[in-house]
Each structure stands twice: as structure tokens, then as C-alpha cells.
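So the chains spell out like this:
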Amino acid sequence: MQSDDSGPGPAWPADIHDVLRGFDVTQVAYVPDGGHAELIRRAHDDAAMRAIPLTTEEEGVALLAGAWLGGARGVLLMQSSGVGNCVNMLSLVRTCRMPFLALVTMRGEWGEFNPWQVPMGAATEGAFALMQIRTMRADTPDAVRPTVAAAAQMAYLAEIPVAVLLSQRLIGAKVFVK
Amino acid sequence: MTPPPDAAPPGLDRRAVVARLVRDRGALLVVSSLGAATYDLAAAGDHPRNFYLWGGMGGAMAMGLGLALAQPSVPVLVLAGDGEALMGLGSFATIAVQRPANLSVVILDNRLYGETGSQHSHTAWGVDLAAIAAGCGVSETATVDDDAGLDRLAARIVRSGNGPCVTVVRIGGEEMPRCLPVRDGAWLKARLRASLDLGPL
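Residue numbers (this note's numbering), protein chains in the order written: chain Y, 39 to 216; chain X, 2 to 202.
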């Protein structure tokens, strides 16, 4: 299903926004990433959401735990290079059985130009697995909406922490040089 | 590197400080950072609206922010040690941008890592956490080192201001007997949520 107001870019960021709205997600915490730019813009423009820029990804893990203590649902947007930063803070999610939903844009796996992105990109799923955080993957535009919806349902309704990996093929490799 | 000459000058009694802060707490929600801040809060008396961190170091302020944004009409206090605040310095910036009027951060600054053998923290060399918070854009910051200031702080944390406030309280370096609260995080979560009329799954 395509969302309206899709503009010139791909429709899947609007699809994610729709899903988050449908689940009453009110805190959208993020460390910026080009792949999430459209969703971040939408979160800032949505009066029902509070967009929260972070200084580091682990801050978002703690912030969402606090949100749930207070009865609010949150989501963490980041890129794969930030996942390692979250490892210890995910103890909070595991120990307290907090709902946790992260949407991770992948780098280092499809046409990557910057070799510095590759090690953490390759270790992203493993870093989540270290802390027993389930990962689900969306590789095509059509897969984004159902995958994020399934992940949100598990996170918010079953308190199962989930990270959705949005593949670099979906987002498109960043172009530095022609 | 030589230790600072005045690493642990006398300061306020940390247990008396925390007891004073929560004495007239009303609806106040409190998140305490692992180690002595959690023991101090427990020593002041257990309460369903206390959330004791036993881990997640560096996350206390961010957690308080999420809670304050979720419950904008309820005052929220983050009770943090200086080591906790140093590990989460970025949260001063994040809190300043969000400007939650119902969030107070109180840093119990003894200039020591008391839990791990009383090594000096950066504040012993003069790192000023209130100045860092101010530099991040937190408009209301203070340093408290006497009972009059403590009374003003206790009155401030139970009401909303124009924005968040960050206060450094200079406490003494004496080690206190440990007072260990419940450390089952899922239970503490459910208890605090129930106090806000929020159910389990």
C-alpha cells in the first residue's frame, strides 16, 4: 500500500510514519542518517509525535525505557554504525523487559564506498544478537510496511525487543564520487 | 597525574540531602543512578514512584527525559552521581533541546567514584557539571552547598518551571552503609507504571 503525500522520494518512509502513527508512537528518538531523513522530517512535522535528536544511540535506548515507564511508546532511528554503542544500555531493555523498537538503516553491505562503514555494518546483527535483540530485515520497498508493522506489534504488544534492518540496497548506496 | 589537593572537601551529608529532597514529594517520580544514588534514595524510604537503576550507567538522565515527556504534568527527578552525569554528558544537550518543564536533574557530586574504590572523578579536577549543563542550553542551573539552597531545591523539584533544571549538590565524600532496594527491574517498572494507572501487558 502506498501512502499519500509521498513526494519525489520513495514511499517507504511515509509507510513507516503511517505504521508508527497507527501504533500511537509518540517519541521518535534519532541519531540522524541520510536513509532516515524523510522519516525524521515527517516526525518533526507531526504534532502527535515528539522528535528527539540524540547525541548518541545509547541515549535513545534509555530514553525509550523512560518513555515506557511513563506509558508512552517510542522508536529509535539510527544507522548501523551506531548499534555497537547500544550494547550495554540494552541491559535495561532485557532486565526490565522494556518494549524496544529500533529502525536501523544499513551501511557497509551494498555498494558501500566507505570502507570504515563495513566492519560495524557486518557486525550489526551480531551486536543485537549479543544482547538477544531479535532482528528483522526489509530489503525491498514493499517489505518495509509489513515488516515494521510486525516488529511494532511484537515490541509494543508482546514486549519483545526488535530491530528492523533497512537494507542498504533499499536505501541506495551513498554516492561520494562518480 | 597527581590527585587534586581538594578532592573530597567536606560537603553536605548525602543521605540527609536525599531525604530532604523527597520529604514532601507529592506526585514526584524519581529515577536514581546505579550505586550510591540508588542506595541514598532507598535509604530515604521505598516508594512506588522510585525507579532504582542498578545498571545502564550513563542512561539515567535520558531515561528521566523519556519519562518526563511521557508524563508532562508530573514532576520527574533524576538523582545522579557525578560519575553517572559524566558518562551521560550528551544528555544535557538532549534535555536542553527538549526543554521539559517537569524535569529536574540533581547531581550528587562527591568528586569520587565511591562504588569502585573512591577513585577521583573529573569533577575533583574542577570539571563543572552545572556549567556544562548551562553551556548546553539548560537555562536553570545551580550549585548547592548549604541547607538554605537545599530547601529551595526541594521546593523546585516538585513543581514545573519554565524548563528543565540541573543542580549540582556538593556532598561529602564519606561512604555510607549500603541500603539495597529491590533490583528486579521488571518488577520496579510494573510498580511505577501501576502508580500512574498504567497496566501490565
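Hints listed in this document are in silico derivations from the structure and should not be mistaken for laboratory results. Just so you know, even glycine gets a beta-carbon here, dropped at the ideal spot from N, CA and C. Incorrect hints may have been included.
[As the list claims (entries may be wrong)] Ranges between beta-carbon positions, derived for each pair: (1) 198/X <-> 195/Y: 14 to 24 Å; (2) 46/Y <-> 100/X: 39 to 49 Å; (3) 170/Y <-> 195/X: 46 to 56 Å; (4) 174/Y <-> 184/X: 30 to 40 Å; (5) 207/Y <-> 156/X: 30 to 40 Å; (6) 188/X <-> 60/Y: 39 to 49 Å; (7) 46/Y <-> 146/X: 26 to 36 Å; (8) 5/X <-> 160/Y: 42 to 52 Å; (9) 188/Y <-> 146/X: 47 to 57 Å; (10) 198/Y <-> 73/X: 51 to 61 Å; (11) 152/X <-> 151/Y: 38 to 48 Å.
Outcome of range test on Cβ distance (residue 188/Y, residue 146/X; 47 to 57 Å): holds, 54 Å
Supplied distance hint 14 to 24 Å, evaluated on CB atoms of residue 198/X and residue 195/Y: holds, 19 Å
Whether the CB-CB distance between residue 5/X and residue 160/Y falls inside 42 to 52 Å: holds, 44 Å
Residue 195/X and residue 170/Y - C-beta distance against the hinted 46 to 56 Å: violated, 26 Å
C-beta pair residue 188/X, residue 60/Y: status relative to the range 39 to 49 Å that was hinted: Violated - the Cβ-Cβ distance for residue 188/X and residue 60/Y, about 31 Å, lies outside 39 to 49 Å.
Hint check for residue 100/X and residue 46/Y - Cβ pair distance inside 39 to 49 Å: For residue 46/Y and residue 100/X the Cβ distance comes to about 34 Å; the hint is violated.
Verdict for residue 174/Y, residue 184/X (Cβ pair) under range 30 to 40 Å: holds, 32 Å
Assessment of proposed distance window 38 to 48 Å (beta carbons of residue 152/X, residue 151/Y): At roughly 60 Å between Cβ atoms, residue 151/Y and residue 152/X fall outside 38 to 48 Å, so the hint is violated.
Distance restraint evaluation - residue 46/Y, residue 146/X, Cβ atoms, bounds 26 to 36 Å: violated, 58 Å
Cβ distance range 30 to 40 Å for residue 207/Y and residue 156/X, holds or violated: violated, 57 Å
CB-CB spacing for residue 73/X and residue 198/Y relative to the 51 to 61 Å hint: Given a distance of about 28 Å, which is not inside 51 to 61 Å, the answer is violated.
Hints 2, 3, 5, 6, 7, 10, 11 from the list above are not met by this structure, while the remaining hints are.
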